[in-house]
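Enquirer: Each chain is listed here by its residues.
Number of protein chains: 4
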Amino acid sequence: MSSTLGIAVIGAGKMGSDHVRRIGRTVGGARVVAVADPDGDRAKEVAAGLEGAGAHTDPAAAIAAPGVEAVLIASPGAAHEEAVLHALARELPVLCEKPLTPDPAGALRVMEAELRLGRRLVQVGFMRRFDAEYERLKELLDAGGIGRPLFLHCRHRNASSPAFFTSDMLISDSVVHEVDAARWLLGQEVTAVTVLSPTATAAAPEGVRDPRFVLLETSGGVIVDVEIFVNCGFGYQVQCEAVGEAGTARIGDGHAMVVQSAGRWGGEIDQDFTVRFADAYDRQLRRWVAAAARGRIAGPDVWDGYAAAAVSRAGLTAAHSGTRTAVDLVERPALYH
Amino acid sequence: MSSTLGIAVIGAGKMGSDHVRRIGRTVGGARVVAVADPDGDRAKEVAAGLEGAGAHTDPAAAIAAPGVEAVLIASPGAAHEEAVLHALARELPVLCEKPLTPDPAGALRVMEAELRLGRRLVQVGFMRRFDAEYERLKELLDAGGIGRPLFLHCRHRNASSPAFFTSDMLISDSVVHEVDAARWLLGQEVTAVTVLSPTATAAAPEGVRDPRFVLLETSGGVIVDVEIFVNCGFGYQVQCEAVGEAGTARIGDGHAMVVQSAGRWGGEIDQDFTVRFADAYDRQLRRWVAAAARGRIAGPDVWDGYAAAAVSRAGLTAAHSGTRTAVDLVERPALYH
Amino acid sequence: MSSTLGIAVIGAGKMGSDHVRRIGRTVGGARVVAVADPDGDRAKEVAAGLEGAGAHTDPAAAIAAPGVEAVLIASPGAAHEEAVLHALARELPVLCEKPLTPDPAGALRVMEAELRLGRRLVQVGFMRRFDAEYERLKELLDAGGIGRPLFLHCRHRNASSPAFFTSDMLISDSVVHEVDAARWLLGQEVTAVTVLSPTATAAAPEGVRDPRFVLLETSGGVIVDVEIFVNCGFGYQVQCEAVGEAGTARIGDGHAMVVQSAGRWGGEIDQDFTVRFADAYDRQLRRWVAAAARGRIAGPDVWDGYAAAAVSRAGLTAAHSGTRTAVDLVERPALYH
Amino acid sequence: MSSTLGIAVIGAGKMGSDHVRRIGRTVGGARVVAVADPDGDRAKEVAAGLEGAGAHTDPAAAIAAPGVEAVLIASPGAAHEEAVLHALARELPVLCEKPLTPDPAGALRVMEAELRLGRRLVQVGFMRRFDAEYERLKELLDAGGIGRPLFLHCRHRNASSPAFFTSDMLISDSVVHEVDAARWLLGQEVTAVTVLSPTATAAAPEGVRDPRFVLLETSGGVIVDVEIFVNCGFGYQVQCEAVGEAGTARIGDGHAMVVQSAGRWGGEIDQDFTVRFADAYDRQLRRWVAAAARGRIAGPDVWDGYAAAAVSRAGLTAAHSGTRTAVDLVERPALYH
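Protein sequences, first through last, are from chains A, B, C and D. By the working numbering, the letter at position 225 of the first sequence is numbered 225, and the numbering carries on one by one without gaps. By the working numbering, the letter at position 6 of the second sequence is numbered 6, and the numbering carries on one by one without gaps. By the working numbering, the letter at position 262 of the third sequence is numbered 262, and the numbering carries on one by one without gaps. By the working numbering, the letter at position 41 of the fourth sequence is numbered 41, and the numbering carries on one by one without gaps.
Treat the hints with care, since some could be wrong.
As the list makes no split between identical chains, a pair holds if one copy fits it or if it spans any two.
Said to hold, decoys possible - Below, simulated DMTMM-like cross-link-like pairs (lysine to aspartate or glutamate); rule was C-alpha separation at most 20 Å, straight line:
(1) Lys14 to Asp39
(2) Lys138 to Asp41
(3) Lys44 to Glu268
(4) Lys14 to Glu112
(5) Lys14 to Asp253
(6) Lys44 to Glu139
(7) Lys138 to Glu268
(8) Lys14 to Asp173
(9) Lys44 to Asp279
(10) Lys44 to Asp18
(11) Lys138 to Asp270
(12) Lys138 to Asp301
(13) Lys14 to Glu69
(14) Lys44 to Asp328
(15) Lys44 to Asp253
(16) Lys14 to Glu45
No wet-lab data here; the hints were simulated from the structure.
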């Protein structure tokens, strides 16, 4: 391995600079050659620590910079579509943070661009697929270890939500991870969504419906229930229990070290997804770099990004209307079979 | 303690003869003096093992037998109302297996009889209230240990269901336990029920919708979800996770002994409720005997039996209609406050 | 059951009055008819709550009181021998709190008295044998579930020790429970003892060697290691991991309810043996009452009490000398086979 | 990062080829440029898959090959000393699989060579220090989370041992990992060793004393007990419970995914150290590559290798003699403070 993959990082906020750090420290075979952020100072600051990396305010310019062989998009969701299309125009492999686009229509436009190229270049950053526990659960399900699945019981909890987090974002930003995980674990599409909301927790910001209970129905007759609770106070937690015809399997307890002290047994709960999923982010990036170097992807594709956006959209409708809402998907192109 | 409480046991089937055994072996201060069963031979067989106990085919005769000071009813649900009314006519303390009556109307007639007496003599056999783990969870909730409750996530699984078990009975015979447990744990009434059904398990008898997912909404804005799965194959399991504003608490894992062998760690799952709740049944009976000796009850009362019947009825409507169904309760009489 | 067993309780301290409470509340078929304590006021106080029970300062008088059909001894260990011999002189069934006697010689004298009677009337209060988890472990071992045993890894921890607790008592009063449990679980005698002591914990009273590490070797080549730690600070805990040729089994985690709150998952640790072993004490007493009513015992016998005293004695020698010390036992009389 | 570290791998057996695979797949910034093995065909086979890597039978030749900037030694222990000295002669950073040398004398010769250079270039492959659970335990201990340590209770189990495994190797090859882990976790030296052996398991090869129980005493008064069991049959397992003045902490349960099926709850036990410690091996190599590129080490040093060899030697004496054996260490040179 005498050369390394040149990467343009679009978005130099928390996620973007985390990825830059990862490329430098734990992912071999790659280097950041361009950083773009609308805040030019921030782009410069991040690029300053990198030998030979240029700073940009325009994503298109970063993507077109010399030495760029792949694009990592970590800007806000609304900016994803344009950046992905620029990368596709140059036939560059892309790793795009979720959501691929905030709405199904944008995802369909990306899909059309990729279909014109005739090959899959865009990977969506649903990093749970790279988590060791999720991988074990997936293997178990695929091997029929608990028989045909009937339920997924999911818990998704954050210690607290940022100030800008709305009732809708519990679904579009948080539950969207369970949507992808459920689709991937089951190999089925989501066909309908129902949303229930208990009395909001006292810790929820004024007007925010937190927690919520989201029910997904799938093409294979599985029921997926998700407790989403973004101001639970006690930590970050992602749990999933699959119930099949022949047994159940649960991941996410996080009970690796058991401490006894002061009258209690137990352990610490991770406080942040960057801790809980640190290994998953590393693994996602390493595998993507290795695949991108060969012009391929190694994870969820544009169809997955589109389906997540469509379910997310139906979820918002279900939440607003209080009723069960069907999910409509376009026909799946052969490229994504 | 020089004398013992004389008990008439109505119903000499599995539950009835279990109670007879308990009174003899693990519950002090009581003796069975009359046994009734429509099958006279069975009544005689059970009574034969008891010194000085008479066998009857007519519940009323058993209840009127000399020495009867309290009545334990373990006959089929449809026969409960008549036996309870006979006992109340004689002002005898009653322990009635659940359901108090199969329908809310019957429970209301029992309630009227008790209201005429002006005191509570009837206890309903929701034995989970006497389980050590449920008691710990109740204490924690009452003490505010996890703050105001928002969710109860419940799992109720049987290895297999008897041949006569119908889709309706998943709700009226099984989930009714969660209905009582939720009402008791939360101190709230259930106000609405929704029922979803995934594809039935291959192990379900022809035409039986198993498993199901039952959603209860409560007067305090809590959402209670119940996975009821009566042909899960792997054992008997009752789990409950309470989620509050300040934390969660889970019971029912049953992980007391951890074995490692042949490439696996873990343990056995109880195969039957008589094993899982053996201590709860003992404790229920001991406390009832002690209370009955003083003309009192020590557990769920007729109001609890009525409310469970009303929620159960709404649950069946919800299951048949596929829609959210409200629960209507009469006003709660002062006797039950 | 029209009559109840009349019991004389010798010793009205914490253990004695606990047993009195148990007989009244949770154990049927028995009543206390005499209470003895050197502190006459204490004896009167305890007896006062019991209908028809006399108070005594002399154990012999209590044992000889009218209506006494069985004797429960909960006085200090040094007083056990005399009380047991009085009871045996009257051929009364005995439940004697551990230790049977503080030294092997005393236990041998009790054994001789029982041998003269030709039947076993004395049960020793090693209540762990009645604990549900220990019973499951015993069943597993007896069934060969983990193959032939090779190790028992034991932890025995108290939050803190009473002021009178000495370095020796860690062995003679605490580890003696593991001695009995190991003998019972394995069906083997202990043949040698070694004691190691790490630096004492800062919480240990001046001059008390706490914690200690006690190694028992058995007649079947098993090694039993015991961490005894009586000022561990965090609670009361008794754990045992059996390691066999085909697997391991661990009890005592006490993880029945899992709570998540304030950044931590876990649960409470019992603070006292009366909590941890409440059910075991109840069950021990219920089974002893039932057996005593038929002139029998239902638990560890005088041989078990003697063997425990002999191992305890060897343990003290080992602790004082710092070397491995063999255990010498007399030949086991046929009565105890 | 435009250039990568050139590595000579000494030893192309299981461990050596595993490391080659790791350098290629999961560790960036490095490439293998020379492979040495006494079996020339094996060296060629491993080198064949690597662009520009030469195959050698002589370790010295491989170490002297063009482009070699660091040396990874994975040959049998007896060959380590010579290879390390060759590398030191060229002032190359070294990662040497454990043991550094089989005997303390060899380790002292390596130490002298390094002392002459005046800087630490040799890292010993005790990979547990890079395991996430061990790291958490170390952090907890260092932070005083459970107070001053008093005990480490360790379990080290293999499903089965290779044919060449002797009674001595349970100590020198297996327990040596606990020796290093204990020294590192506690920051203390081991001062004495005692070895007990229960009856051997039926699965042990003829003449092999398996399992054994090894007791280490440390300079800080901590007692470390190790159950080493290399034919336990059920899997690979490394557990450690630290007991301190204010609590305990346990790692190694490996209970990430809980499965319920066929009457049992639980999960799979890893069958091999390459599975259990896969991440630790990756992390060890990544950190070493990063450090070696700057001429440094990032893990256990020659002093650690020497101390482990000295304790291992004392352990063998203790096992053969059946008595407690003191560990003698030379004075620790300033370079290793």
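Enquirer: Now look at each hint and say whether the structure bears it out.
Expert: Consistency of the hints with the structure:
1. Lys14 to Asp39: within (13 Å within a copy, 51 Å between copies)
2. Lys138 to Asp41: Answer is neither: 43 Å inside a copy and 39 Å across each miss the 20 Å cutoff.
3. Lys44 to Glu268: neither (37 Å within a copy, 49 Å between copies)
4. Lys14 to Glu112: neither (30 Å within a copy, 48 Å between copies)
5. Lys14 to Asp253: neither (27 Å within a copy, 34 Å between copies)
6. Lys44 to Glu139: neither (43 Å within a copy, 35 Å between copies)
7. Lys138 to Glu268: Answer is between: at 15 Å across copies they meet the 20 Å cutoff, but 26 Å inside does not.
8. Lys14 to Asp173: within (16 Å within a copy, 45 Å between copies)
9. Lys44 to Asp279: Neither, since 28 Å and 34 Å both go past 20 Å.
10. Lys44 to Asp18: within (15 Å within a copy, 40 Å between copies)
11. Lys138 to Asp270: between (23 Å within a copy, 17 Å between copies)
12. Lys138 to Asp301: within (18 Å within a copy, 40 Å between copies)
13. Lys14 to Glu69: Classified as neither; 23 Å inside a copy, 36 Å across copies.
14. Lys44 to Asp328: neither (43 Å within a copy, 57 Å between copies)
15. Lys44 to Asp253: Neither: 40 Å inside a copy, 46 Å across copies.
16. Lys14 to Glu45: So Lys14 and Glu45 pass the 20 Å test inside one copy only (13 Å; across, 45 Å).
The structure does not agree with the numbered hints 2, 3, 4, 5, 6, 9, 13, 14, 15 stated previously, though it agrees with the rest.
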